[in-house]
Amino acid sequence: MTGFSPNAVLSPDDREPTNWQSARMRRRVEARYRAELFFKLAGLGALLLAGAFLAFLLFTIVRDGASGFRHSEVRISVQFSPQLLGIDPVAASGPDAAAVIRRGDYVGLMQATTAQLGLPVDVVSEGAWLALRRAVTDDPRVLGTTRTLWVPVTSSIDLLAKGKFDLARPAISRGISDRDVAAWRSLESRGLLRMRFNSLFMTEADSTAPELAGIAGAALGSLLTVLVALGLAFPIGVMAAVYLEEFAPRNRWTDMIEVSINNLAAVPSIIFGLLGLAVFLNFFNMPRSAPVVGGATLALMTMPVIVIAARLAIKAVPPSIRDAGLGIGASPIQLVFHHILPIALPGIMTGSIIGTARALGETAPLLLIGMRAFVTDVPQGFASPATVLPVQIFLWSDDVQRGFVEKTSAAIIVLLVVLLLLNSVAIYLRNRYERQL
Amino acid sequence: MTEVSANRPEMGVAAPLKISARNVSVFYGAKQALKNVSLDVSSEQVTAFIGPSGCGKSTFLRCFNRMNDTIDTARVTGEIRLDGRDINSPDMDVVQLRARVGMVFQKPNPFPKSIYENIAYGPRIHGLARGKVELDEIVENALRRAGLWDEAKDRLGESGTALSGGQQQRLCIARAIAVDPEVILMDEPCSALDPIATAKIEELIDDLRGRYAIVIVTHNMQQAARVSQKTAFFHLGSMVEYGDTSMIFTNPVQRRTKDYITGRYG
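Just so you know, the protein sequences line up as chains R and F, in that order.
Heads up: the first sequence begins at 1466 in the numbering used here, then just goes up one per residue.
Heads up: the second sequence begins at 0 in the numbering used here, then just goes up one per residue.
Read the hints as simulated data drawn from the structure, not as lab findings.
As the structure is a computational prediction, the values presented were derived from the model and not from experiment.
The beta-carbon is built from N, C-alpha and C at its ideal position, and this holds for glycine as well.
Treat the hints with care, as some may be off.
What the hints assert, rightly or not - So, partial list: chain R residues that the calculated Cβ filter (under 8 Å) puts toward chain F:
1) Arg1715
2) Ser1785
3) Ile1786
4) Arg1787
5) Asp1788
6) Ile1793
Stated by the list, open to error - Incomplete in silico selection of chain F near chain R, CB under 7 Å:
7) Val94
8) Arg97
9) Met102
10) Phe104
Whenever a hint applies, use it, and build me the whole structure from the sequences.
Next comes the structure, spelled out in structure tokens:
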């Protein structure tokens, strides 16, 4: 600036009229346009980059995981000989039929059947005998007849069929033996293989054999755990927020509670796991690996998020609504439940969605309370051992067997779909409430 | 009651006494917003509070239904009697007090619910209606009395917030009427409205006079002159003058009142 003495008092007339058409002004305008353009491009660039990352993530997951939803089956011709099975055909139609059929030696029958394929390696999955038992249970009349069945193959054959190995490389470094390759080629040339939707993956729980492992156990475990977490955290969190916002006096204690809640929301989740371990398992002796404990632990973690979101939402309710309610003689409780909560609900739900999504994707605290156990059954209830989707992903990603690679990606897809569904439902609910206003 | 009036002959309340305030002061924290105000409100007249912004007139109004309770730092001293009963005494139920002393606010504040629900809410929480038919009747009556029935009868299910500003304010008045209060407090009810909507509200106030004791706070002196029979002039937290509206506007006793009325105050 040119010498602008503070003492010089300019009267309005002393000031030069501004020339808005001058070259300097034009340059200023151009510079502003340039700055705006740059900002717009930078924003667009950030958006594109974020989109590219997302696309890359989804692409790799789907590329690796899509094959996890399909598996190869081999055609076998089974002679359901009662002798081989060790089942008395008379008893099989008698009163104890179910028990008699259950006791049959299906593993032996499967071994005898696969031997007919004339291959030096096992091509049929070690769990395939279950298909034989199911066939007999479904219809005992198959006993004594010969039927054609499609049963799952071992993981090696399955991966070969899916083209997961680079067969041009030497046997030592390609991860699969020549004998397996030969067996696969033989089956393939005889037309005994087919690719089908992997129903086992969608209905079973974990297994040591990749071709038998399923996601249903973990998915149900996740559902139960999140139900417990939400069931505890949502009402308690919302009520705490209502009390703090509407009823609590403003003093040192409430300030301290507020600070504590804010800090609690930032505590690393594994600490909550330790807390759950110490309190729920060691002190209250609740069942290990159970959704009820996992849910309670995650509720501890989710609650501060819900409290904070709910307090913000309640605070955002216009004061005029409070005036209106109180002015007409609504009691404080009526004001809260008839006016404040309905208006704040969309905001509260947004916070709860974020909290739930976080709980659904949480692994660390659940490892500590034993939800990383190897559970081969679909959980039967809130207190039975279970695992959850993210822990299942963690466990499979850690497994040495090659077949679990695609299972891991497939499980990630399931987790993402579950998250997407959950969020869609929550957002739908939120929008419906918002529209009612 | 008569004794009180006798003590303050200058107030000259001829009409039946509804509210009597004695030495009311209001503090927000350390700041005194209202200084020692005493005044009687008649049950059959419209009483207007006028004065410049920040003079304490709304603060005083909010004492009558204890809305100042909702402000943490506010403290009210003095005595306010509704039909002779101290409204600040512990045995006065504040919820019922607010049902008896309804309030209309500066900014129209309908609930984000349907028009019907807006009106029906008060009667419902106070148990004024036995059954749907009676409630429908109350809603219709309130809307009719607020002059909103013809405009709203075909859209009772629509949201109250979808109405125009003037209609919203009449909805708020209808909402207050529906509870059948004894007193209606109006805190600058027309300040957010255009002249036509204002005229409608003023007409409505005139219609409601007699049935309810009405106390109205207004910035607009013409409005005070048009709708009220009693006027109190407030300045810097004190009540400067209180008397018949005709007297206040034509022949004020206090110099400050005169200056304000003739437009010498900002």
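Check: Can you list which hints this structure breaks, lowest number first?
Finding: none
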